[in-house]
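**Student:** Residues per chain, in single letters:
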Amino acid sequence: MTKDGKFDFSRRSLLRAGAATGLVAATPTFFMRNAFGAEFRNNPGNASEVKLGFNVPQTGPYSEEGKDELRAFKLAVKHLNGEGDGGMLNTFTPSSLKGNGILGKKVSYATGDTQTKSDAARASAKRMIEKEQVLMISGGSSSGVAIAVQSLCQEEGVIFMAGLTHSNDTTGKDKRRYGFRHFFNAYMSGRALGPVLEKEYGKERRAYHLTADYTWGWTQEESMKDTTEQLGWQTVATVKTPVGAGDFSQYITPVLNSGADVLILNHYGKDMINSLTQAVQFGLRDRQANGKNFEIVVPLFSRLMAQGAGDAIKGILGSTNWNWSLQDEGSQAFVKSFGAEYGAPPSMAAHTCYVQTLLYANACEMAGTFYPPEVIKALEGFKFDGMGNGPTEYRAEDHQCFKDVLVVRGNQNPTSQFDLLQVVEQTPRSQVEYDWKIFGGELGPYKV
Amino acid sequence: MKNGTMNDLTRFAIFAGVVLAMPLWLEPLGANYPDLLQKFAIYGIFAIGFNILFGLTGYLSFGHAAFLGIGSYAAVWSFKLFTMNAIPAVIFGVLFAGLLAYVIGFLSLRRTGIYFSILTLAFAQMSYNLAYSVLTPITNGETGLQLSQQDPRIIDSLFVEAGAGLPSTNLFGMKMSGYPGFYFCAVMLIICFFISMRIFRSPFGLMLKGIKSNQNRMNYTGLNTRPYALTAFVISGMYAGLAGSLLAVTDPLAGAERMQWTASGEVVLMTILGGVGTLVGPMIGAGLIKYFENIFSAFNNNVLADIFSFLPDSVSEVVVSVLGLFVGSGWHLTLGLLFMVVVIFLPGGIMEGIDRVISKFRSSRQPVADNKTVSSQNQPGE
Amino acid sequence: MDAIFLQILNGLDKGAAYALIALGLTLVFGTLGIVNFAHGALFMLGAFCAVSLNKLMTLSTKVEDTSVTLFKAYKEQPYLEIWFPDMGHTLIEYSVPLSILLAIPVMILVGIAMERGLIKHFYKRAHADQILVTFGLAIVIQEVIKAYFGANPIPQTAPEILSGSADIGSWLGLGQNVVYPWWRIVYLLFSGVVIFGVFAFLQFTTYGMVVRAGMRDRETVGLLGINIERRFTLVFALATIVAGLAGVMYTPVLPPDYHMGMDFLVLSFVVVVVGGMGSLGGAVLAGFLLGIIQSFASMTEVKAVLPGIDQIVIYLVAVVILLVLPRGLMGRAGVMDD
Chain A
46 MTKDGKFDFS RRSLLRAGAA TGLVAATPTF FMRNAFGAEF RNNPGNASEV
96 KLGFNVPQTG PYSEEGKDEL RAFKLAVKHL NGEGDGGMLN TFTPSSLKGN
146 GILGKKVSYA TGDTQTKSDA ARASAKRMIE KEQVLMISGG SSSGVAIAVQ
196 SLCQEEGVIF MAGLTHSNDT TGKDKRRYGF RHFFNAYMSG RALGPVLEKE
246 YGKERRAYHL TADYTWGWTQ EESMKDTTEQ LGWQTVATVK TPVGAGDFSQ
296 YITPVLNSGA DVLILNHYGK DMINSLTQAV QFGLRDRQAN GKNFEIVVPL
346 FSRLMAQGAG DAIKGILGST NWNWSLQDEG SQAFVKSFGA EYGAPPSMAA
396 HTCYVQTLLY ANACEMAGTF YPPEVIKALE GFKFDGMGNG PTEYRAEDHQ
446 CFKDVLVVRG NQNPTSQFDL LQVVEQTPRS QVEYDWKIFG GELGPYKV
Chain B
9 MKNGTMNDLT RFAIFAGVVL AMPLWLEPLG ANYPDLLQKF AIYGIFAIGF
59 NILFGLTGYL SFGHAAFLGI GSYAAVWSFK LFTMNAIPAV IFGVLFAGLL
109 AYVIGFLSLR RTGIYFSILT LAFAQMSYNL AYSVLTPITN GETGLQLSQQ
159 DPRIIDSLFV EAGAGLPSTN LFGMKMSGYP GFYFCAVMLI ICFFISMRIF
209 RSPFGLMLKG IKSNQNRMNY TGLNTRPYAL TAFVISGMYA GLAGSLLAVT
259 DPLAGAERMQ WTASGEVVLM TILGGVGTLV GPMIGAGLIK YFENIFSAFN
309 NNVLADIFSF LPDSVSEVVV SVLGLFVGSG WHLTLGLLFM VVVIFLPGGI
359 MEGIDRVISK FRSSRQPVAD NKTVSSQNQP GE
Chain C
1495 MDAIFLQILN GLDKGAAYAL IALGLTLVFG TLGIVNFAHG ALFMLGAFCA
1545 VSLNKLMTLS TKVEDTSVTL FKAYKEQPYL EIWFPDMGHT LIEYSVPLSI
1595 LLAIPVMILV GIAMERGLIK HFYKRAHADQ ILVTFGLAIV IQEVIKAYFG
1645 ANPIPQTAPE ILSGSADIGS WLGLGQNVVY PWWRIVYLLF SGVVIFGVFA
1695 FLQFTTYGMV VRAGMRDRET VGLLGINIER RFTLVFALAT IVAGLAGVMY
1745 TPVLPPDYHM GMDFLVLSFV VVVVGGMGSL GGAVLAGFLL GIIQSFASMT
1795 EVKAVLPGID QIVIYLVAVV ILLVLPRGLM GRAGVMDD
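Residue numbers (this note's numbering), protein chains in the order written: chain A, 46 to 493; chain B, 9 to 390; chain C, 1495 to 1832.
No lab work stands behind these hints, which were simulated from the structure alone.
Built from N, CA and C at the ideal position, the CB exists for glycine as well.
Hints are not guaranteed to be accurate.
[Said to hold, decoys possible] With a straight-line Cα cutoff of 20 Å, these simulated SDA-like cross-link-like pairs (lysine to any residue) come out: (1) Lys176(A) <-> Phe307(B); (2) Lys176(A) <-> Met205(B); (3) Lys1566(C) <-> Gln372(A); (4) Lys151(A) <-> Asn309(B); (5) Lys1618(C) <-> Val1634(C); (6) Lys359(A) <-> Gln457(A).
[Claimed, not checked] Quick list of simulated restraints, FRET-style, between CB atoms: (7) Val1814(C) <-> Phe300(B): 36 to 42 Å; (8) Glu478(A) <-> Ser156(B): 22 to 28 Å; (9) Thr1584(C) <-> Gln457(A): 21 to 27 Å; (10) Asp356(A) <-> Ala1694(C): 34 to 40 Å; (11) Ser156(B) <-> Leu1595(C): 48 to 54 Å.
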C-alpha cells in the first residue's frame, strides 16, 4: 500500500482474489472450531499436555510481586510434574495428586503481563484462552484486575484461581462461579486485627483513617472502622487520598491537630510505602496524644512491599495472609523448596499462587476430568490442611477460603534481610468467619 | 494531485482486503486470535481518527483517551439499561464522545501549540481521576463498569426471558465475541478508513491542512479557522468514541484507566510511529504497539528455550538469557528501543520506511519522479 | 491557624519539588526548543545516584546467615564497616547528602552524552519526533534501572540527626502540634539554593547572558559568531544536574523506584506550561503556586464541600489559568505558540 496507491504489481489482482478466496474458505472453520470441537472451552482431549495460564503484573508498580508469583507458579508446575522435592505435595491432605501432572497429563504454562490494568489483564487472559488454550488462569496483584479477569473467565468458561486480591468484592458482590479466592479479604483483616488492637492499645482510642480512594481502600476502611468502633474506639476522621499521590504530607499534617492517637493507613503498595515512610518522618510514632503513645496501623501488610518502607515498619501492626516464618509442616516444606530454588523466601503472594495451582490440580484429580463444572463442584466446600494457615475450607456459597489469619508486627530487630515481619497472633478461623450473604452478589451458573 | 478517484478506490479495496484477511496473514506472526485482531481494528480506528486532527490540523491533543473512555462507558450503560445489541451501544458511544469532544474542543481550541496540548491533557486527567474515585456510582471506579444480573435491559426484557448467566453482546443474535466480533470491528474500521480518506481529499481537508501550514495567514484572509478545527476535533473525538464503544462491544467492561494520560500518550505514539498525516500509517503504528504489548510480553524463558532448542545447549542458554531481557517483563524496553530507532532513522515514521523501500524497488525498474501528495518529510509534526 | 501554616509549609515543600523539575524542563524548552519527555527519567536517575552510592558504600561481603535454617541464606556486612568501624558507619549514614557529590559529575556526563548523542539531531525536527524519541529514551532508561535495581522502591534514610521533625511551633509561638520533618526543611532550603544558583548563573555570568540571548533570538546570536551549540550543550547539562539533584534530595521523602520519573512527568509539564513556556520565573512561580493550592485542596474542610477536589485541582487550576492568560503566568509570545 503506497500512499498514492500506484502499486504496479501485475500480480496484485491475483493476490487480492487469492486472499478473498482464502478468507471465504477459512471463515467457516473459525466458527466451527468452537461449535463442534469440544463440549467445553479448551478441552485437552487426548493431548499429552495441559496448559495453565499465569497472568501476573510484569511491568508497573507491582511487578516485583508479579515476579515472585511467577516463581511460585513455576515451582508449582515443577512439583505437579513430579520434579524437585515436591514441596507441599508432601504435606497437603487430603491429596489426590500423584506427581505425574494432572490426570496423567504433563503440565505446561503460558505467562502474560497484566500491567495492573483491567484492560491489559483481560487482553492477556483472552490471549491465553484463545491462543494458548489454557484450562485455568491464575495470578494478579490487585482487586480491580482480579475482578475484571474473574468475570471474563466466567464468560469464557475457564476457571480463575485468584492470586493476591484483598477486596471484599472479589468473593462478595462480584463473585463468580468460575472464580476462587484462597487469599483473605479486608473484612477478615479487620476481624483479625480487632482483638490484638484491643490488647495492645486498649479500648479508648481515637482513630484517624487515611484511605486510598478506590474500591479496595473503601472496603478496607469500612472493615477497620466497624471493628475498631466495636472495640469502643472513636473515629475522628476518614480521609480519602488519591491513588499514587506520592507525597502525602498534606494529608498527614492534619492528623497532628486532630486529637487522634491512632493512624490507620488503608493503603497498599507504593501508597503504603510512601504514606508510612512520611508519617514516621513527621514524627507521628514519637508523639504522645491524649496521654498515650501515638500508633500507626497498616491493615494489609506484605513483606515484599514492607521492604520499600525500610525502618519505618518497625513496630507497626498489620495483618497478612501468610508469612514464611510459620512453623507448620506445610509452610516449612514450601519455604524450603522455594528457598532452595530461588535463594529467597516466598512472599505471601507467591504462597497463595502456589497453593491455588495445587488446589486446582487436585480438584481435577478429584473430579476425574477437566470439565469445569465438575472441577468447580470438587472445589466447592473442599476442606484441606497442610498448606500453611491450618485447616482450610473453600466455602461453597462464595468461593472464599476460610483459614487462620496472621496478625504481624514490623520486626524491631530483624535477624536477616527477610525477617521483616514477626507473627503476633494466628487468629483462628472461627473469629474471621462471616455470613456470606452480607456482601450480596451471585455466583452464576455452572455451565456457560 | 495526480491520484483521482480511481486510485483511491483501488487503495480502498486493497485496504479492505488486507484488513479482512488479517486472520490469514497474521497466522505466521502468532497474532491470529480474535482478541488481538479486534484490538488491531479498534486501535486502528482510534489512531486513524486521531490522525484526522493531528495529521491534518497539526493540533496535538494529549487527551484523546477521555473520548475513548466515555465511548466505553456509554456503550456499557447502553448494554445495562437498554439492550445487548451492539448498534445502540455504538451510537451512544459515538454520540457521547462527540458531545464531550465538542465541549473540550470548544474550550481548548482557544489556544494553540503546547498550550492546547496541556489543556486537553488537563481535561482528560480530570475525567480519569473523577472516574476512578468520585464518580464510582457511574463508572464503578477501579474495578470498571460491568454487566450484572440486576441490570434492567428494558428493550431486551421485552423479548426474551433473562437467562441464568450474563447475556453476551450481539448483533441481532450474532454473538460479538471471537471472530464475528473481529469482523464487525473490521467493517467499522474499513468504513472509518473510507471516511478518513474522503476527508483527506475534500476541500474541508485542504482547509485543515491550511490551518496546519499557516494558521495566521488563513486568519488574515478573513477566514475564521476555529470552526473547521473544532469540526475536526469533534470528528476525531467521535472516532475515539467509536473505538471505545467497540472495546465494550467485544468485551463488555469499561475501566477508568482507558482515560489515563498514558492511554492518550499511546495513541500519539501510535500515530507518530506509523507516520503522521499518512492514511494508513497510524493504523500500522497501532498494530505494532498492540502486537508488542500482547505477544512480546507473553514470551518467557521457557518459550525462548523452545525456540532456540536447535542450538547447542551452551549457545542457546546465552541467547535465551540475552533475549530474555527484551521480552516478557522486558517488553517495554523493546518498545522504547523501537520508538528511538524508528524516529532516528525514519523521520516520517514507518510509512516513510515503506515508501523508501517501494520507491527503491520502483526506481530500479523504471525511474519515475515521485510526487507524493501527502509527504511526511516536508510536513512537520505541528 | 496552625493547620493553615502547616499546609503552607506542605505546599512550599511540594512546590519546591515541582519547581526544581519544571525549571530544567523549561530551560531546555526555552533555549533548545526541545520537548523533553525524558526529563522525568533524569530526575529518577538522580535518585538512583543516591541508591547507587548507598549500594556502593554498603558493598558487602556475604556472611552466612545462621538465623535462617530452612535453606542456605546469606546476610551482608559492608566492607566499609569492616575496614573503618565508626567512620564507615557515619559515611553510610550520610550517603544521601554525599550522593550530591556523585550526582553532579554523573548527571553532567549523562547530560552531555544525551545532548551530543541524541538531542542535537532533533533541534530541527518536529516536536512530535522529539516526543517520540525522548519518550522512547525514557522507557529505555527506566527499564535498564528496573532490570538492575528491581521494581520495588528502595528506601533511603536521611542522616540520624535529620530524621526526626523540628518543633517549629515552639520557635514561632504556634501550637505544639506544629512540627515539620527536618529533612523536608533541608529540602526546601536546598531547592531555594539551587533555584537561586541557576538564576544567578543565567543573570550574572557572560555565559548565562549568551544563553539568555539565545533563548530570545537564536539566529542572531549565531550570526554574531558565537558558538551557540556548545553553550546549548552546557544548558542541557545544567538542566540535567538540576533534575538529578532534585532526585537525590527527594529520596528520603519518597523511596525511589524506576517509575518515579514517569509519575512526575505529566505534572511537571503542567507546571511548565502554566508558568508560561520558556519562562524560568514562571516555572518556579507555577511550581509553588500549584503546590500550595494542592495542599489546601486536600484539607478535609475543603473536601467536605467539594468531594474529590484534591484529585483534580491542579488540572482545574491549569485549565483556568490557560484560558484566562493565553501564555500562562509569565510566558512570552512566540515560544512554542505553534
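**Student:** So, against the hints stated earlier in the document, which numbers end up violated here?
**Tutor:** 2, 5, 11
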